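Residues per chain, in single letters:
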Amino acid sequence: AMEGGRSARIREGDCAVLKRDEVFKAVSVLRRRKIIFEKQWFYLDNAIGHIYGTTFEVTSGGNLQPKQEVEETTTETKEAGTDNRNIVDDGKSQKLTHDDIKALKDKGIKGQEIVQQLIENSTTFRDKTEFAQDKYIKKKKKKYEAVITIVKPSTRILSTMYYAREPGKINHLRYDTLAQMLTLGNIHAGNKMIVMETCAGLVLGAVMERMGGYGSIIQMYPGGGPVRAATSCFGFPKPFFDNLHEFPLSKVQSLLSGTFTTETLPADPEENALVEEESNGLTEEKQTSLLETEEEPTTEAAMEINPAEEQDTMDINAEDVEFKENKGKESKENVREKQIKQWERRKKLLEAAALLREKNADGLIVASKFHPTPLLLSLLEFVAPSRPFVVYCQYKEPLLECYTKLRERGGVINLKLSESWLRNYQVLPDRSHPKLTMSGGGGYLLSGITVVLDKGKSDSSNSEALKMEEPSSKRCRLQDLPC
Amino acid sequence: MSFVEYGDTIKDGDTAIVFLGHESMFPVKVQHGTVTQTKYGVIRHSTDLIGKKYGSKVTCSKGGWVFILHPTPELWTMNLPHRTQILYSTDISIITMMLELKPGSIVCESGTGSGSLSHALIRTVAPTGHLYTVEFHQQRAEKAREEFREHGVEHLVTVTNQDVCKNGFGVSNIADAVFLDIPSPWEAIGHAKSALKAEGGRICSFSPCIEQVQRTCLAMEEYGFTEINTLEILLRLYNVRTISLQIPDLGKAAEDNSSTGFDSSNPSHQGSPCANLQQGTVQFKSGVPLREVVGHTGYLTFATKS
Chain B
1 AMEGGRSARI
11 REGDCAVLKR
21 DEVFKAVSVL
31 RRRKIIFEKQ
41 WFYLDNAIGH
51 IYGTTFEVTS
61 GGNLQPKQEV
71 EETTTETKEA
81 GTDNRNIVDD
91 GKSQKLTHDD
101 IKALKDKGIK
111 GQEIVQQLIE
121 NSTTFRDKTE
131 FAQDKYIKKK
141 KKKYEAVITI
151 VKPSTRILST
161 MYYAREPGKI
171 NHLRYDTLAQ
181 MLTLGNIHAG
191 NKMIVMETCA
201 GLVLGAVMER
211 MGGYGSIIQM
221 YPGGGPVRAA
231 TSCFGFPKPF
241 FDNLHEFPLS
251 KVQSLLSGTF
261 TTETLPADPE
271 ENALVEEESN
281 GLTEEKQTSL
291 LETEEEPTTE
301 AAMEINPAEE
311 QDTMDINAED
321 VEFKENKGKE
331 SKENVREKQI
341 KQWERRKKLL
351 EAAALLREKN
361 ADGLIVASKF
371 HPTPLLLSLL
381 EFVAPSRPFV
391 VYCQYKEPLL
401 ECYTKLRERG
411 GVINLKLSES
421 WLRNYQVLPD
431 RSHPKLTMSG
441 GGGYLLSGIT
451 VVLDKGKSDS
461 SNSEALKMEE
471 PSSKRCRLQD
481 LPC
Chain V
1 MSFVEYGDTI
11 KDGDTAIVFL
21 GHESMFPVKV
31 QHGTVTQTKY
41 GVIRHSTDLI
51 GKKYGSKVTC
61 SKGGWVFILH
71 PTPELWTMNL
81 PHRTQILYST
91 DISIITMMLE
101 LKPGSIVCES
111 GTGSGSLSHA
121 LIRTVAPTGH
131 LYTVEFHQQR
141 AEKAREEFRE
151 HGVEHLVTVT
161 NQDVCKNGFG
171 VSNIADAVFL
181 DIPSPWEAIG
191 HAKSALKAEG
201 GRICSFSPCI
211 EQVQRTCLAM
221 EEYGFTEINT
231 LEILLRLYNV
241 RTISLQIPDL
251 GKAAEDNSST
261 GFDSSNPSHQ
271 GSPCANLQQG
281 TVQFKSGVPL
291 REVVGHTGYL
301 TFATKS
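Chains as they are written, first to last, in UniProt numbering: chain B, 1 to 483; chain V, 1 to 306.
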């Protein structure tokens, strides 16, 4: 089952994204749970049942109320100046004091009215140019007319949010770079994808969204288990996770060399990882209980209520909950339950290994904090010929090395090293121009297509591949000038 | 094979991509008995292609060889016959993500043009979504229909030959997203709004000129669209090259036979990351930008109907 539509309504338990202008925050929709967002406190209760995309106002009681469509009354010709040559910025032009404004707010005066008051009490307002008046009104509205839109999470929303708020968690992967990856990788329904990422599960979620629940994904992970904090934000229906597998990087070498076995797996880290996976969207019950043990984030810097941001934190929380529940109940039942879980875990691992061993994946996506070269060289072995692969790296230099090593390996063509340049614009009559701030960099991509690997004649195919890939003028000798 | 589903082996009737090397490839319609000429010689479809695995190396009659690739919308964009200026994958990528397209989405597009974006949209909304594409040029509309048939995706797309500014997309209240790449998009905003679902949807307009963008943004505002945002995206490609730079001869200090600090003939010289294969040079790997790059394609304006 997949949702192509936007007719979804806000339900309790959903992961929703609060939006105010360009600021986003992901939250869990729970009754009587105080939310803090953009200097405002409120409950989400009244939002439940409304369609996603609805805009709300915060009432004095901390409740949400759908915003009424208001007629813009300011269409009469305003008095305005021609330029700012006589306007002195001495900070004294506003006659209302902080206390005056606070008093208005406390009286429950609506934001719109406060803005009107500010305009009337500004000595310089009528001397400003029309454009400056526009800008002034927009600024005051932004501050005093607090409206919040509740939007449905999507790759667009979440990738923008993460890049703005917690870029470190996603290796500074800018949203347009992610967009390039999804298209270059030909991610679509029915693929068998291999994904290796350390971006809090954002890249995995994006891949899952584009696959719509069709096909299968094998997520490779470092350490004890995959982090899927961002993935659970997408709100995918349960069946999406039926064909999502995971496989530890630490077992890749053994799998490639044919010595893979489940016998040498440490039990504890996997148990915790299993619990973490369950709570990341599979078992709603568990997720709710874990969310309750986590206190409301006190600062707006916190990304989301879902506590599973870091693998370590998650392990500790899972353990706490589990141990609390099992305190003093070391019954045979519990031991048997643990054994069943471990057995299930082994079974899943064998399934994932079998899928990888087929070496017929339709694509590979890598976006991690690790050096990309060893990942590419090993994981490409599991990909079928004539399939795209895309590697993201925050830095360019490791991809230069990756490119070189891939050339030596052979079996890849159409290698491209790229960076995406993005610029936002302000478009207003007579006032259109690029925006004042811009992202300096959004990471780099190395992409290519696999071909049948000619293992037997590596030397000849090497020079042939070089001949094929680089124009002949580039095959210069060292005595020549830099090529 | 199809543009929306991977296949393993080349079959009669497939569209395959012949890859000859750096930036050199072309599409080919696989057919029994047919022969394709390349600069490396002849490819005989019956013996060299049909039944072979995609990604295989095929040796041509003159001895040189090529790779046969499975088609993808991205490869198609780089190789399709142009009937109009087309959109490239860089713009297509951000359009796809910002319109929140995925399997099951219903999309409206105008103009169809050469079908570059169309193929990418069809791939993304498959297998349960649909593309309604409108093209006012009769021959182009017909050619598009033909290509979609050949590529096995005709069940996912409806091509309508009409003027979107006058008659809209031919559907109403069903689209999750609308895309406009026409000379006067502001004239189609109203139609776009009625094509979109009542509960809401996303819209995108692509225009090369800022004046078009200004008019379109005004129209979007008038029709009640929110979250209006204009951006542009460009791709910066880098060539990976090994560069050798010569070390200048700064002479020797008086009465001193030792060389200057930067002694490249000493293999254990600290901080020297590169092998000095020749006296007097330093080697390093660099990602060199191309000399000429695309500086502008068009402005992309996105908005939300809610």
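A few of these clues could be false.
[Claimed, not checked] Below 27 Å or equal to it, Euclidean Cα-Cα: the simulated BS3-like pairs (lysine-lysine) are: (1) V:K52 to V:K29; (2) B:K405 to V:K285; (3) B:K359 to V:K285; (4) B:K92 to B:K34.
[As the list claims (entries may be wrong)] Which stretches of chain V does chain B cover? Using the computed rule of at least three CB atoms under 8 Å from a CB of chain B, they are: (5) 30-36; (6) 164-172; (7) 212-219; (8) 226-233.
[To be verified] The following label-pair restraints were derived from C-beta to C-beta distances: (9) B:K369 to V:G280: 32 to 40 Å; (10) V:I228 to B:D90: 30 to 38 Å; (11) B:R33 to V:T9: 52 to 60 Å; (12) V:T9 to B:E351: 22 to 30 Å.
None of these hints come from the bench; they were simulated from the model. Just so it is clear, the structure is predicted and the values come from calculations on it, not from any experiment. Idealized CB from N, CA, C, for every residue including glycine.
Against the structure, the hints:
no.	hint	in the structure
1	V:K52 to V:K29	holds, 15 Å
2	B:K405 to V:K285	holds, 12 Å
3	B:K359 to V:K285	violated, 32 Å
4	B:K92 to B:K34	violated, 38 Å
5	30-36	violated (count 0)
6	164-172	violated (count 0)
7	212-219	holds (count 4)
8	226-233	holds (count 6)
9	B:K369 to V:G280: 32 to 40 Å	holds, 39 Å
10	V:I228 to B:D90: 30 to 38 Å	holds, 36 Å
11	B:R33 to V:T9: 52 to 60 Å	holds, 55 Å
12	V:T9 to B:E351: 22 to 30 Å	holds, 26 Å
Comparing the model with each numbered hint stated earlier shows that hints 3, 4, 5 and 6 do not hold.
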